[in-house]
Amino acid sequence: MWRFIGSRLLQAIPVLLVVITVTFFLVRVAPGGPFSSEKAVIPEVKAALEAQYRLDRPVLEQYIAYLGDLIRGDLGPSFKYPGRSVNELIGAGFPVTAELALYALLVALLIGVGAGVVASLRPNTAQDYIPMSAAMIGICIPSLLLGPLLILVFGIYLDWLPVSGWGDMPGDKILPAITLGAVYAAYIARLSRAGMLEVMTQDYIRTARAKGIPEWRVVVVHGLRGGLTPVVAFLGPAFAGLLSGSFVVETIFQVPGLGRFYVQAAFNRDYTMILGATVFLSSLIVVFNLLSDVLNAWMNPRLRSRAGQNT
Amino acid sequence: MSTTSISALVDAEQGSSLWRDAWLRLSRNRPALAGFAVLTLFVLVAILTPWVAPYDYAQQNLELGATPPSADHWLGTDIFGRDLLTQIMYGGRISLAVGFIATAVALLIGVSWGAIAGYMGGRIDAVMMRLVDILYALPFMIFIVLLMVVFGRNMLLLFLAIGAVEWLTMARIMRAQVQSLRQQEFVEAAVSLGLSPLAIIWRHVIPNALGPIIVYTTLTVPSVMLLEAFLSFLGLGVQPPETSWGLLISFGTETMEEYPWLLFFPGLVLAITLFALNFLGDGLRDALDVRGAKD
Amino acid sequence: MIALLLGACGSDEPRVAQGNRQGILHFGNGTEPQGLDPHVVTGIPEMHVIVTLFEGLVTKNPHTLEPEPGVAKRWNISEDGLTVTFHLNDRARWSNGDPVTAYDFVWSWQRALSPKMGNQYAYMLYPVKNAEAFATGEITDFSHVGVTAKDAQTLVVTLNAPTPYFIQLMDHQSTYPVHRQTIEKFGNAFDRFTPWTRVENIVSNGAFRLTDWKLNRRIEVTKSDTYWDRDKVALNGVVFYPTENISTEERMFRVGQLHRTESIPLDKIPVYRAMQDSPYINSPYLGTYYYLFNTSKPPLDNLNVRKALSLAIDRRRLTETVMHGSTLPAYSITPPGTLGYEPPKVFEHDVEQAQELLAQAGYPDGKGWPGLELVYNTSESHLKVAVALQQMWKDALNIDITLANEEWKVYLDTVDQMDFQMARRGWIGDYVDPNNFLDLFLCDGGNNSTGFCDPVYDDMILQQAPQATTREARYAIFQAAETRLMEQMPIVPIYTYTSNHLVQPGVRGMSSNVMDWINFKYISLDQDQRAVD
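For the record, the sequence lines run as chains C, F and H.
So that you can map any letter, position 12 of the first sequence is 15 in this note's numbering, and since no number is skipped, the others follow by simple counting.
So that you can map any letter, position 209 of the second sequence is 343 in this note's numbering, and since no number is skipped, the others follow by simple counting.
So that you can map any letter, position 134 of the third sequence is 165 in this note's numbering, and since no number is skipped, the others follow by simple counting.
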């Protein structure tokens, strides 16, 4: 097991290196610099600014200096917010995004597993079609549409819930979590339905029934464990997707998370913030994929020996 | 016997009954057929838009402003007094074009990549799939945002950027298919006949792997359309004066309380298209009895 | 999760009503401030906060915009107009109790002008003798710069030339004092980056002090008990919220979460205007919205083409329909009423004449028109104006204009490098004087971007006007200069800016003035008011 983890971690390093390098140079290629501003900047002032941020040195030198900082965990000063480091900005934004992603995942699991399991118990009947079609909504009404609709209905017409913010007013976390989680609810519903369908035809289920165990126990205790394997495997990529998907939801609901910081940083050409956020999120995704694989391997010992291969 | 006629025999063995069964199953699936019909309708309208649209795209009526649906304007007008139905039609051209073209790009790259990797095996396979793994680890939204910021308002680059993101899963699926097919007899037969690897891949492997590919392609199109909508929503995708469904939704959201039709109709059209594509994709998957094609 | 759901039911009184009781103003502030160092940051959201935390030599009366005593209790200007002496209030204190002295100002101005700071508003201090030389690094000894502290309560400023608007400049943030020991404690004094503005570190001299700052969420300032004029301050505190999305901001206002919004979505204007006791406040703002012509690129190098384009558009129709009557048509660069100055009107909306001019230029009825591209920075409202004008030009002159929107940073570079044919621009005055607008078009004006260069114009602005002895004489020179400018039509003036805000009833003292200047000392909250529905 440890060799598996170890080898995966080792594989992750070149991946991250590629990510950092590509982002570093890509960002500098972008037109428009961080110090362009509406009132013309005096050349001396611009030179002073560039010197402070190391922009006056050759690109390669900047790159190496950046890598050096990175090893020490220092993501550099923000270009846009003087006096703040990127570490700080990420530290301010990430917990919010993580919380949003977590709530969204909870919503997705609750709705998804619920719908999928219920549907799987009586396939090809109304009990199947209705929840699964409802789940389809999550896939076909994207967050950029669902969000405004929810705001319109619950925030404005009914005035039940706040229309923006995160943690400022009670209940303002509900709509963003639902909007972000809807898509994943749909996927999880499909996965759990498929998984349950496969499992419920297995022999050991029939045995359990024959032994006289009440049906609900059969489903919940015996069926779920196997039936939800595909869902568990999905959790890793789902969480990564949630992090990226938060960009749009955070914009719609004005949630002060990392996604919004990132989009702003891209527009502001805040080089260090862009790089820092990319490095941070990439590392996170690598870790999540690893965790997901480990979880999968643990539940499925057969996969461990094929650790080196791809799925 | 010539190699071509043996190929033909091999084809005949493998091919026909699979497709016929699939077609039968599909035709019994009502939602899928409905989806197909809707899709065809939308694509036709999109192609014929310049002739079919009720109004001129750019024609404004500033004094009119935004009005709800009426006899003159079936879906209402936007804040410039432009006909919404016309806007949606022209927007559909772009959204659907992005969807299909970017998917085609992804298809081309992914299928070739996966097929070669799966067939060749060994070191070549390892290297190619390692690259796929590396790319898979990247947070896509970040890269796309970055790409669009760097390369600006170039529509072509939008297609390429989106296609470049979606080909990875396609490659993985293709590779898995190829790996399983490789063991099968007809391939061994072709090999022993001395057909070149490329010919085998092209003439025998790919056609037989088509099932999951078709399914996945149908499911990629909506994914791509969504990506375009997201980018346009963030201000990074399609730029005015062109329009797309994503852009229309984004503008509609701004004024959704005063002029809800500006959000509702483009949203409805997008949702219907996504439903149609998904139903069709599901139907194809069931018909071709493909498992685990997505995720 | 349950807590989330339970929390939702039973949302009690809106934040605004709470604020009214507590004396806390909830202020929608636009984008998140980049920082709070008055010598580093330049935006309006930043300024709103800085103005509560710091105080300069003078402040401004929000109704008349006339200077009022700030740290300086009085001042006098010498006969020849070259020396200004400020007498400081000996009760002025920093938030840690230290007295505010003239030495603080000298040191602070040195910091503001120091090239290392990269202060983009350093030019506000250029009327001071040798200030520009110091800022550009020509001289490095600050003692040559014309500001000295005669003693702790007396600040003597020497100017390059008589500057009628100099006192106006003295409440700009660039001239604010900063606390030397605090800054030096947290790093190099002439460094943009130091954390001296953090909540736990900052020392300031204004009516409020900083008590909370959560990035991208809120900035809170609380009434200062060391401020010399604290008895006049009615508010107990202000909370600034970042509200980038104007639609969301309007919703927040509607549900009673904000006392005041930074702006208002265009399409909401008719709705609010129609209300009884409307919270919508619309007032002229010191700024002009215009399109720049790159006079070096064809077809814009032809004066008749430029004139045709300008005469062909119906500004009134634009402002009444697209802008819902919230702005005023503009026919020149200087906004009307700028400290009593009326700009000349050199042309009028005249489609026939426009068509004739275009024909004279060689494109009768648009034939042979090579096309023209308009560059603008991505924004809903800019797009709306551009689309409307594009159609007007098509209808009136039968010519095609293409639109090219660019992201903010890219757009800035494009304008700066004159890499455009026609570009959208807006200019907001930093101080209330026509000079602020007219010096844009000097030959070497950094913000000129049109290629317009007229030595006679330069002479009028730089030499003749400052030497005028009366305001009338000065304005007469300005008018002549502006007439010369508009006859060459290097820009298409479109509309005069207005400020548009939603303000809850019960907020008193937030009067509208042409700089959209808020003096928080004058604001109070009516305790019994509920929020508007």
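Errors might be hidden in some of the hints.
Said to hold, decoys possible - Beyond 12 Å from chain C on every Cβ pair, some chain F residues (computed):
| no. | residue |
| --- | --- |
| 1 | 153 |
| 2 | 158 |
| 3 | 165 |
| 4 | 180 |
| 5 | 196 |
| 6 | 282 |
| 7 | 342 |
| 8 | 345 |
| 9 | 356 |
| 10 | 391 |
As the list claims (entries may be wrong) - Calculated cross-link-like contacts (lysine-lysine; reagent style DSSO-like; alpha-carbon spacing at most 30 Å):
| no. | chain 1 | residue 1 | chain 2 | residue 2 |
| --- | --- | --- | --- | --- |
| 11 | H | 328 | H | 415 |
| 12 | H | 216 | C | 49 |
| 13 | C | 49 | H | 328 |
| 14 | C | 49 | H | 147 |
| 15 | C | 49 | H | 415 |
| 16 | H | 415 | H | 398 |
| 17 | H | 398 | H | 328 |
| 18 | H | 181 | H | 245 |
FYI, nobody ran anything at the bench for these hints, they're computed from the structure.
Every residue, glycine too, gets a C-beta built ideally from N, C-alpha and C.
Each hint tested on the structure:
1. 153: holds (25 Å)
2. 158: Its Cβ never comes within 12 Å of chain C, the nearest being 18 Å, so this holds.
3. 165: Contrary to the label, residue 165 of chain F does not stay out of reach of chain C, its closest Cβ about 9 Å off (not over 12 Å).
4. 180: holds (19 Å)
5. 196: holds (26 Å)
6. 282: Given that some Cβ of chain C is not farther than 12 Å from that of residue 282 of chain F, nearest at about 9 Å, it is violated.
7. 342: It holds; residue 342 of chain F is separated from chain C by about 21 Å at its closest Cβ, greater than 12 Å.
8. 345: holds (17 Å)
9. 356: Not fine: 8 Å to the nearest Cβ puts residue 356 of chain F too close to chain C.
10. 391: Non-interface label on residue 391 of chain F violated, nearest chain C Cβ at 6 Å vs cutoff 12 Å.
11. H/328 with H/415: Measuring from Cα to Cα gives roughly 26 Å; hence the hint holds.
12. H/216 with C/49: holds (26 Å)
13. C/49 with H/328: Holds: residue 49 of chain C and residue 328 of chain H sit about 28 Å apart, inside 30 Å.
14. C/49 with H/147: Judged against 30 Å, a Cα distance of about 9 Å means the pair holds.
15. C/49 with H/415: violated (34 Å)
16. H/415 with H/398: The hint holds at about 27 Å.
17. H/398 with H/328: holds (19 Å)
18. H/181 with H/245: violated (41 Å)
Of the numbered hints stated above, those contradicted by the structure are hints 3, 6, 9, 10, 15 and 18, listed in ascending order.
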